Structure formats: C-alpha cells, structure tokens
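Order-wise, the sequence lines are chains R and H.
Just so you know, UniProt numbering puts 248 at position 248 of the first sequence, and the rest follows in order with no gaps.
Just so you know, UniProt numbering puts 121 at position 121 of the second sequence, and the rest follows in order with no gaps.
Quick caveat, the hints were computed from the structure, so don't treat them as lab data.
Among these hints, one or two may not hold up.
Think about it this way: if two alpha-carbon atoms lie no more than 25 Å apart in a straight line, the pair counts; the simulated DSS-like pairs of lysine-lysine are [what the hints assert, rightly or not]:
hint : chain 1 : residue 1 : chain 2 : residue 2
1    : H       : K218      : H       : K290
2    : R       : K223      : H       : K49
3    : H       : K49       : H       : K85
4    : R       : K49       : H       : K223
5    : R       : K240      : H       : K240
The structure displayed is predicted, hence computed values, not measured ones.
There are 2 protein chains.
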Amino acid sequence: MGTIKQVALVGGTHGNELTGIALLRHWREHPDEIARSSFAVETHLANPKANQANRRYLDQDLNRQFHIDDLGDFTLTGYEHNRAKALNSLLGPKEDPRVDFVIDMHTTTANMGMSLIFNTDDPLVVGMAFYVQQQMPHATLFFDNMPSRLEDNFLTSLGRYNGFLIEVGPVPQGLLRADIYLETQQAAKHCLDYLELYNKGEVPELPKVRQGYQFVEKVKLPKNEAGDLTAMVHPNLQDKDYEPISKGDPFFLTTSGETIAYDRDETLYGAFINEAAYYDVSVGLSLMRKIDIELKSEPAAG
Amino acid sequence: MGTIKQVALVGGTHGNELTGIALLRHWREHPDEIARSSFAVETHLANPKANQANRRYLDQDLNRQFHIDDLGDFTLTGYEHNRAKALNSLLGPKEDPRVDFVIDMHTTTANMGMSLIFNTDDPLVVGMAFYVQQQMPHATLFFDNMPSRLEDNFLTSLGRYNGFLIEVGPVPQGLLRADIYLETQQAAKHCLDYLELYNKGEVPELPKVRQGYQFVEKVKLPKNEAGDLTAMVHPNLQDKDYEPISKGDPFFLTTSGETIAYDRDETLYGAFINEAAYYDVSVGLSLMRKIDIELKSEPAAG
Numbered sequence: 001m002g003t004i005k006q007v008a009l010v011g012g013t014h015g016n017e018l019t020g021i022a023l024l025r026h027w028r029e030h031p032d033e034i035a036r037s038s039f040a041v042e043t044h045l046a047n048p049k050a051n052q053a054n055r056r057y058l059d060q061d062l063n064r065q066f067h068i069d070d071l072g073d074f075t076l077t078g079y080e081h082n083r084a085k086a087l088n089s090l091l092g093p094k095e096d097p098r099v100d101f102v103i104d105m106h107t108t109t110a111n112m113g114m115s116l117i118f119n120t121d122d123p124l125v126v127g128m129a130f131y132v133q134q135q136m137p138h139a140t141l142f143f144d145n146m147p148s149r150l151e152d153n154f155l156t157s158l159g160r161y162n163g164f165l166i167e168v169g170p171v172p173q174g175l176l177r178a179d180i181y182l183e184t185q186q187a188a189k190h191c192l193d194y195l196e197l198y199n200k201g202e203v204p205e206l207p208k209v210r211q212g213y214q215f216v217e218k219v220k221l222p223k224n225e226a227g228d229l230t231a232m233v234h235p236n237l238q239d240k241d242y243e244p245i246s247k248g249d250p251f252f253l254t255t256s257g258e259t260i261a262y263d264r265d266e267t268l269y270g271a272f273i274n275e276a277a278y279y280d281v282s283v284g285l286s287l288m289r290k291i292d293i294e295l296k297s298e299p300a301a302g
Numbered sequence: 001m002g003t004i005k006q007v008a009l010v011g012g013t014h015g016n017e018l019t020g021i022a023l024l025r026h027w028r029e030h031p032d033e034i035a036r037s038s039f040a041v042e043t044h045l046a047n048p049k050a051n052q053a054n055r056r057y058l059d060q061d062l063n064r065q066f067h068i069d070d071l072g073d074f075t076l077t078g079y080e081h082n083r084a085k086a087l088n089s090l091l092g093p094k095e096d097p098r099v100d101f102v103i104d105m106h107t108t109t110a111n112m113g114m115s116l117i118f119n120t121d122d123p124l125v126v127g128m129a130f131y132v133q134q135q136m137p138h139a140t141l142f143f144d145n146m147p148s149r150l151e152d153n154f155l156t157s158l159g160r161y162n163g164f165l166i167e168v169g170p171v172p173q174g175l176l177r178a179d180i181y182l183e184t185q186q187a188a189k190h191c192l193d194y195l196e197l198y199n200k201g202e203v204p205e206l207p208k209v210r211q212g213y214q215f216v217e218k219v220k221l222p223k224n225e226a227g228d229l230t231a232m233v234h235p236n237l238q239d240k241d242y243e244p245i246s247k248g249d250p251f252f253l254t255t256s257g258e259t260i261a262y263d264r265d266e267t268l269y270g271a272f273i274n275e276a277a278y279y280d281v282s283v284g285l286s287l288m289r290k291i292d293i294e295l296k297s298e299p300a301a302g
C-alpha cells in the first residue's frame, strides 16, 4: 500500500475525555512536537459540541457511527450521525480515504493503564502496537474483532489503514490527570515516530509475537424491572483489568450485599471494568481472551 | 433544642453522584436498615432530573441554592433555583423547619476517602462527626466555614440543626464503586445510630478535641484568554488530599510540561484535589488549614 503521507491525530471523539483535547490544544501551539519529515500531520477535535457540553456525546456515541452503511444512510439524522458524515468528508471518504492513518486518543475510567487498541492484523498496524510497547513496556495490546475496515464502526477506520486507539486510564470523565496526559503524549509521539521509521524503511527489529487480549463480549450488570441497576462490579474485581477471572470468582455485588459469582467454565480476563461510559447500556465490563498476536511480516516500506 | 424527631437522608443532590442514589433505592426496599426507634427517617432524591440526565445539575449547582435570601428570591428561576424552593417546602421552611436533621450523601473524584463535612460547632453536629470517626477511624473531619445556618447555602442547612455531609472518594462521576457504596452505607448507619443514642441520652464518651481541616479557599487553575486550562494539578499533588503543601512544592503542571510551585508562606493542606465538578469554574483544589475541632459540651439530650 506504499508509504504514509497524511496522518490525522484525533481527540475528543468522546467529548468528556479531556486528555486528547488538551493535547490537541497543546500541539496547535507546539506543532514541532508532532511534525515529522516524511508525512503531514493534521489534528482534529472530533466532537466539539459534546466537548462543550462536557458529555460523551449529544445523541449517540460518535465512535460507533463509521460503518460504511451508516455513513451512507441519510435516515440517521442525530448530531453524531451527521458529525460522522462530516468527518468522512474531511478524512475519507471511507472507500478511498485522503488520510492514510488515524490515531484516536481516548481515556477510560477503568484501570486499563496504557492500552493500545487495534482492529486489524495488518503488519503496519500490529507493528505500531509492538513498537509502542517496545518503548512503553507497561502497555497492553487490546485486539478488537472487526469484520473489515469498511464495516468497522470506529473513527479510526476512516484512514486508508485501519488505525489505532490510545486508551489510557483510570481517569474520571471531565477532568485532566497530568500522569494520564503525559502518558498519552508519549504514546502519540511513539506512534508518529514509528510511521516515520516505516516511511524511511528503518523500523527496528520487532518481536514476531506478543501476548495480548482479544475482545470476546460485553457483560451487562443486572437490573430490576424499573431499569435500575441492582448490582455493581464486585470490589474484588474492581480495578483488576487484564487479570484472570475464573469460575466461582466474585463478579458482581448486589446493592443488598450478595456476591454473584462468575459462572463460565473458561477463564477470561476483564477490561473496561466499571467504565462509566457504558452505564447507559448497563455494561459492567468486557471479557477478553488472552491471545498471541502475530506480526505476520516486517512492516518495512521505505 | 430537645430531641430529634424527623431525619432526612438525602442523595442525588448532584445528579451524577450515583452512590447515594443507589443507597436510597436500596433503603426503599429495605426500610428496616435505616429505621430507628426514637425518630422517623425519610429519604429524598434531591435532584431527580439531573440524575436522569446523568449530570451534576441542569442549570446551577443545587447545593449552593439554600441561602435564606435565595430561597425567597423569586427572580431566580433556573431548574435548581426552583428545586431548592420545593425542597424548602418539603423539608423546611428554613426559618422553622419541619425536619430536625439532614444527612446528605455525596461523592468526589478526589482522593478524600471518607470525609465528614459540617459547617457548625453545635455539639450535636460535632458529636456526630466524632462518633462516626470513632466507628470509622480512617474518616477525616472537614470543617467548612458558614456564617450561620440561615445564610448557609448547602441543602443540609434546611434542617433545624445544620446537618451533615458524607463525602466519599475517589470515584468518577456517573458510576458506582462497590467499596465507596459500602463505606457510605456504613457512615449513614453510624449517623442514624448516633442520633438514636443522642435521643436516648446514651451517647458514649467522645473525645473533647479532634484534629480536622478547616476550609480556607479555593485555588483556580490557570487559563488562557480563550478560557482553556493551561495547567493541571501536578502529578506530585494528585491524590494527596489532606497532605501538607509547603512553599516551593510542585503545585500545577502546565500542558507544556513546566512545573508551577506553591508560593505561599503558610503550609496548608489540599482537599477536593482535581475534583471534576469544579472544572466549570476552573477550580483545581481547596486549601485547608489543620485545626483542632472542639466538642464544646456533651451532646446529651434524652
């Protein structure tokens, strides 16, 4: 697919995740920090109106609106439906995008540390994850299953390559933590460095395989008929992202104090444990499977 | 002032602080847990509309609307202005309240642990703080300065006694943490137990004096002309609520990475450090002074 010419650094896809938004502001005043010699970098605040309102979104989650069918569906008329189409014009069009690569900066209330989320096994993208992890060994690789770039509904799928989410936590919505800000800044810098090395054919030797976590499914918190939550993430599970959950382990705690145990036979791993953003759909956590992620070939353009 | 006959347990004064709201629901199904023999307990969701919207407030912070002048000012017509007047009818009127004591359950994104906030040196109220701390020794006493109950703008000032805030953190807005839920439940139970002991003349021996923190002032984060924050709470200060801050200590970190030092001569202590709710007024933290809080006489009715 050739070299990378145009990279979009995006923040504020969720309007109350302030870290990426503050970094975009910082970089507009310090463009040298994100300038690289072999490609152009543009910065975009994805959902300014949700940011003004200090909300994740106004009408619907922007980061689920980029499926090719939805981008072409003009009966979808919510604010984020329209915003997605506008971003498709700006960065895409999805079928033949102007932008080569989108890096989207997110935060989570879950204790996920530095998580690198990607949806494709393309060597360029997997190579970016491995490279960033080489620089930041505490980073976790989070592989989400998406059928194809065109059917992917994330903003990062607008680029010619299916791009990359930097997801850092824990941090509450609507505030800046300096540690999370600095981590995100570092990770974004490494992503850009990697693309520069790629263009120059100078990507250092990367591991052939690394351990990561593959998304399996989301688990809902129990509710009563009135729609109110009747249980919470169990204290033993809270903050234990990427740790194993085995049959019989405490999973939820009802508001009356009874423990509900995890009842699957397969040991899985939690992620997005008690993410505030998922309360609108009563999701308590994601279950993940530990996997080996393969780098299928050398990501060497140049 | 005689015995306590009517107690209001309040949650959701800030609509995105879900802990108190979940406890109110739990207690409506388990009324025995908050029933006491010598007084009646009523439960109130203070700002249901903000809770539905998962916001702190719709128009203005409800917990600043209870100054006697504002309650009588009918030119104040925002949602929370009106809600305050409605609560004044329900619990007050402030000048001669129906309810004896209001206990209001709050959470904070700051690392304040179990904080007991009260605005008066009345022995009944100070006795409650000392009693709860006897049961929960990790609790911190937070004394806020208010001129008088009538001029106090907190919801808790609607009671005949100027009541009591249970403030627990850290927890992000818009989610439930089981540990914070259980802590809040315990503290509320101890408050009710104390009032029961008070009515029966059986309050155990309490310390004459305890160390606490007195509110001094709020400190704003720096902004640029566009109104955007240009600095964050310094990583060395983040999560260090109730720890000393002395001249020269790192205080803020600019988004460009420069440290701004604390420049006052007096060593003070932080609280509400990086509280998300205060970003609307760019407040980074509260400064507190360490003080001795005195129990001026035995809180013995009976």
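Do the hints match the structure? See the list:
no.: 1; hint: H:K218 - H:K290; in the structure: holds (16 Å)
no.: 2; hint: R:K223 - H:K49; in the structure: holds (20 Å)
no.: 3; hint: H:K49 - H:K85; in the structure: holds (15 Å)
no.: 4; hint: R:K49 - H:K223; in the structure: holds (20 Å)
no.: 5; hint: R:K240 - H:K240; in the structure: holds (23 Å)
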